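Assembly of the complex is requested from the two constituent chains, each provided in isolation within its own frame, with the hints serving as guidance.
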Amino acid sequence: MGKTYEIPVGAQHISLLEPLHFKFTTENERIIKADANVYYVHRGIEQACCSKFKFRQVSFVVGRVCGLCSISHTTAYSQVAEKLLKIEIPKRAKYLRMLVIELDRIHSHLLCLSHVAENSGFEALFMKTMQYREFSMELLEGICGNRIQYDYSIVGGVSRDLKPEVADWTLKRLKEFMPQLDELLDIYQNNWTLSLKNKGAGAIDKETALRLNVVGPFARAAGLAVDVRNETEDLLPWKEAGFEMVLEKTGDVYARNLVRLRELYVSIKIIQNVINGLPEGALVTETKAFPDGEAVVRLEAPRGELFYYAKGNKTQVLERLKIKAPTFSNVAGMVEAFNNNEYGSAPAIIASYDPCLSCTAR
Amino acid sequence: MKSFFNAIANLFKKPVTTQYPFQPTYKPDDYRGLIGFNEDLCIWCRRCEAVCPPGAIVFSQDMEGKQTYHYNRAVCIYCGECVRSCPKEGAIFQTAEPAPCALKAENINNGWNKLFPEAIQSREAFAAEKKRKAAEAAKAKAETETKQQ
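Chains E and Z, in that order, give the protein sequences.
Numbered per the working numbering, the first sequence spans residues 36 to 397.
Numbered per the working numbering, the second sequence spans residues 532 to 680.
Calculated from the structure, these hints are not laboratory results.
All the given hints hold, so there is nothing to weed out.
Computed footprint of chain E on chain Z, listed as stretches where at least three residues anywhere in the stretch have a Cβ under 8 Å from a Cβ of chain E:
| hint | region |
| --- | --- |
| 1 | 552 to 563 |
| 2 | 609 to 622 |
Just the calculated beta-carbon pair ranges, DEER-fashion:
| hint | chain 1 | residue 1 | chain 2 | residue 2 | range |
| --- | --- | --- | --- | --- | --- |
| 3 | E | Ile42 | Z | Gln652 | 53 to 63 Å |
| 4 | Z | Ser534 | E | Arg246 | 34 to 44 Å |
| 5 | E | Lys304 | Z | Phe536 | 32 to 42 Å |
| 6 | E | Thr350 | Z | Gln652 | 23 to 33 Å |
| 7 | Z | His601 | E | Gln351 | 18 to 28 Å |
| 8 | Z | Arg578 | E | Lys207 | 31 to 41 Å |
| 9 | E | Arg246 | Z | Cys632 | 46 to 56 Å |
| 10 | E | Lys126 | Z | Asp560 | 21 to 31 Å |
EDC-like cross-link-like pairs, simulated, lysine to aspartate or glutamate; straight-line CA separation at most 20 Å:
| hint | chain 1 | residue 1 | chain 2 | residue 2 |
| --- | --- | --- | --- | --- |
| 11 | Z | Lys558 | E | Glu173 |
| 12 | Z | Lys544 | E | Glu218 |
| 13 | E | Lys323 | Z | Glu612 |
| 14 | Z | Lys533 | E | Asp221 |
| 15 | Z | Lys545 | E | Glu169 |
| 16 | Z | Lys533 | E | Glu218 |
| 17 | Z | Lys533 | E | Asp217 |
Note that the structure is a prediction, hence the values are computed from the model and not measured.
Here a beta-carbon is modelled for each residue, glycine too, at the ideal position from N, C-alpha and C.
If we strip away everything but chain Z, and leave its shape as in the complex, we get (with noise of 0.2 Å):
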């Protein structure tokens, strides 16, 4: 008898669901969102690179040596783990706005897939290069000293 009146009493009650794409959800200030960059404040150290555990956060380089930061959203886990890790404050923050929903358009999966080996060959490329420039200048210096000598 009680769970009858009960029901009669729910009928009036108002629902406990939110209607959620009119109504917001809760969601608290520290939300764990979208990770920030700012190319200002960065070293380039790329310790956030290599905490990243999923590797949603790649350098690449060009032959100048200029770095360029790639970040793909699909990717991360939002664990936060690169904004502990980095030196300088403020260079990688965590934002508290959730992740958008990637659009065809962006070739999310693909294009990182194809990006993130890119990103480290061009760093290699690099590498190589200030390698070869390195020796060439050495042979070069010693040259000269065996000419002076």
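In isolation and in its complexed conformation, chain E is listed as follows (with noise of 0.2 Å):
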């Protein structure tokens, strides 16, 4: 039994994108207690939602939770409301959403590795991850008119259509990915340098990850088949436009970036299969309802399963708005898979995460 010391780490830190605090007790440079703290950034939004907003305009507040899921959010809370109103979409707006919210995971899931990368310390897989992303954002932007607020899903549908050019040059873009993703997944899969600092590193086994309750690629990684995309089929048809389970079975940071970039495969055939069979129709329903009684909906995002609650009493205003963001579902696993690792493979580990606290926090 070694001396044992307290490191803290945030909530402001080089290899922290969120303010996120971690208290790592740490004996020989090994961890064997972690403690989290995630409830930096709150911001009422919530409180807002029930208070200051008009149901209709509370789809573009929820949208501002969080950057990089934010058409993850904006579709929660449209689909919600809907519950609500009880009116039921077109078609051709659901495959639109989903379209939408495929395109969003690639770009978030190569965030994701990106800084995985650079917490490893390979800053020049880092820079060919982001530069590989680019694409994804300049699509986003093409498709929603904007590179991060898309605003894409209000309640009752989607605000703008899908051009057939834009179309044409969102498959032309992805075969174009196609290749650049095969040399990504070789690199992360074979590169010895990032396999010293990822295989075995942040391991949690599927019994313990079912305990705590963790979800999106956390879980995946660890060999956990949880994904909303997978039991849902009323909101939006996930089967029919061809999801598939993406698992792994170690559950350490090598497993999570190989969830994340198979996972990018999936996304990719989504996407074709929705622009190769979006169904004609209208875009929005339009109602005069206000929203009553209470609803519960839940989405896969790209870091795991969303989760919004709405209470309505007929009025303009909701009574209650809750939404779980899956980085709160998370945190009991974040915290137990640092246990007996190094300290040094701490930043790598906290980025392999994928935390959003922001989400977290509201």
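The following block contains the structure:
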């Protein structure tokens, strides 16, 4: 038994993208205990949604909860509001929502992968991944009209149509991206330097993941088959669009990288299927009803299951809106997975969780 | 060894980044840019003001009842909700032009914070005046009716 040291990381730290505080208890550079504090960026969005904004405006407010999974929040809120209004949206709108969600997943996963590479000390790969990521940002800008805040889903449908020339251009760019993705998969899978830092680091087994209710790529890397796209079919027809579950076994940083990379292939397939089989029809279902009753919606954001609860009382303003972001579910697993790891690999492990604290603290 | 040759080859490749202020970056044709307003077509229903999520549009009203449109590009989130809600096509529209930076002389924050409540007050004042005039007219009408009887 050596002497134990407590090392604080965050809330401002060079290897952290987000205001997140970890307190590591280490013994001979080995982490034996970790504590996390995640509530640094509370903005009171839930309260604002229930007091200041009308229910149709809230879909633009919740888009500002998170910059990376903006479309997931907007779509989840739109779906929960549609449940309260008891309306069914056109099929074309559903397909267009899936298209933008999957494009968003591509750019979010590539961002996470690049930061894992950077925090593992492989800066050149960081730049390469970011270079390849740029195409997805341009596609999103072409489809939604903006790079970050898409504002694409509105209550009752989607805000703008997909032009035929943009659809062709999207397919062309995706085709160009495929060899680049193969190259990235090869590097993340076979690079010796990266595997030294990533293989076996931050491992979590399947039973622990299930016990701690881990979601998203973090759980799928441990072999736990949790994906909302696999479970629900009523709101968005994922399986019709070609969804497949991606699973790995080892649960370490390396497995998380591979889950994210292999999910990109699935995302690309879904986007191609959506564009090739886009049904004709209206974009928005108009209604003059007011939200009434209670509803719950789950949606697979890039980081895992996003949960929305809303309660309406037949007025313009909602009575309650509850957002549970995927990172919130993952905090317990994040703290657990640090145990028995070298302190030196902590930055790579933190990046591989893909934490999104502005979602968590709202 | 492969990565060594890659590194050498990369020396002769063109940079991936764009030299932004000197070269234009990618911008789609239907970029969500500044909101335009056509006063001749507007029917002054104020629906755009009601739906605007951040409150970037406000109408003020003078005592004759003429309304004026005010728009703040720094508050606007360019969602296009005003355009979708407009019953008269072309009265309010979205251009592809990105918003220019605000200058200090424009006083875009404090000026707007002052203007917004003033515009609401000016409308309330006009409504109160209208109500008062209507009440006066009704009173006068009632008086004339009683005199006639």
